[in-house]
Amino acid sequence: ETGVTQSPTHLIKTRGQQVTLRCSSQSGHNTVSWYQQALGQGPQFIFQYYREEENGRGNFPPRFSGLQFPNYSSELNVNALELDDSALYLCASSPGTSGVGGELFFGEGSRLTVL
Amino acid sequence: GENVEQHPSTLSVQEGDSAVIKCTYSDSASNYFPWYKQELGKRPQLIIDIRSNVGEKKDQRIAVTLNKTAKHFSLHITETQPEDSAVYFCAAIVTGGGNKLTFGTGTQLKVEL
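Chains as they are written, first to last, in this note's numbering: chain A, 706 to 820; chain B, 201 to 313.
Since the hints were made in silico from the structure, they are not lab data.
Positions of the beta carbon are idealized from the N, C-alpha and C atoms, including for glycine.
One thing to keep in mind: the hints can contain errors.
Non-contacting residues of chain B with respect to chain A, defined by C-beta distances greater than 10 Å in every case (computed) [stated by the list, open to error]:
| hint | residue |
| --- | --- |
| 1 | Asp217 |
| 2 | Pro234 |
| 3 | Thr278 |
Simulated restraints, written as ranges between beta carbons of each label pair [unchecked claim]:
| hint | chain 1 | residue 1 | chain 2 | residue 2 | range |
| --- | --- | --- | --- | --- | --- |
| 4 | A | Thr818 | B | Thr278 | 32 to 42 Å |
| 5 | B | Asn267 | A | Phe765 | 41 to 51 Å |
| 6 | B | Gln260 | A | Gly733 | 20 to 30 Å |
| 7 | B | Ser228 | A | Phe765 | 24 to 34 Å |
| 8 | A | Pro767 | B | Glu312 | 42 to 52 Å |
| 9 | A | Ser732 | B | Gln260 | 27 to 37 Å |
| 10 | A | Glu757 | B | Pro208 | 37 to 47 Å |
| 11 | B | Gly216 | A | Gly721 | 47 to 57 Å |
| 12 | A | Arg762 | B | Ser209 | 24 to 34 Å |
| 13 | A | Gly745 | B | Ala229 | 25 to 35 Å |
| 14 | A | His715 | B | Glu312 | 44 to 54 Å |
| 15 | A | Asn782 | B | Lys271 | 33 to 43 Å |
| 16 | A | Phe774 | B | Pro282 | 38 to 48 Å |
Short, incomplete list of chain A residues facing chain B, as computed with Cβ under 10 Å [to be verified]:
| hint | residue |
| --- | --- |
| 17 | Gln746 |
| 18 | Phe752 |
| 19 | Asn764 |
| 20 | Gly812 |
| 21 | Arg816 |
Could you put together the complete structure from these sequences and hints?
Shown next as structure tokens:
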């Protein structure tokens, strides 16, 4: 097992609501990145956190925000939910920020449905 | 930014046959190319990767080839088995891009008995 855990596993929200997703990184991993995977699509990079600061962001609006805590766990917050936000949200941890991989260890994801 | 195209979107093979999935990338600065296998409802799992200073890498029944000039890389699975059935994603990382993987759109591989 990779050791990356995410919660909740499934949740349903309505348009306009806010959601917080949580991720515990694998032991020893100080970098967490978040991906959105829409049905039938590849994961899309949202952002990455290293040492409690965002240090890379994909093409997502500011209503997608995050935090990383001193124990390297992380949260993804999405405000003003839209129907298109329905997706599997994947958290991945790695032991560093090197752009030349290091395997990313993915969690099982949080499946968000927006009605 | 980087763009990764993947073909085919679906692939059906008979057990024991070989399967090939192809990807192209746009950014010549990309230098790490992992392949992930995702079973239904599961997390993506790394199955093999290749760096830009290598042209080919093999791990048992799985191999990956990279052509930097043409900016394409391929996954080869030999002697396919039913448990190989899954969605496969290629990805690329741009140098200095942290862990920002750009994924392809995926290939649904079905191995039939």
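> Looking back at the numbered hints, which does the structure fail to meet, lowest number first?
Replying inline: 2, 5 and 14
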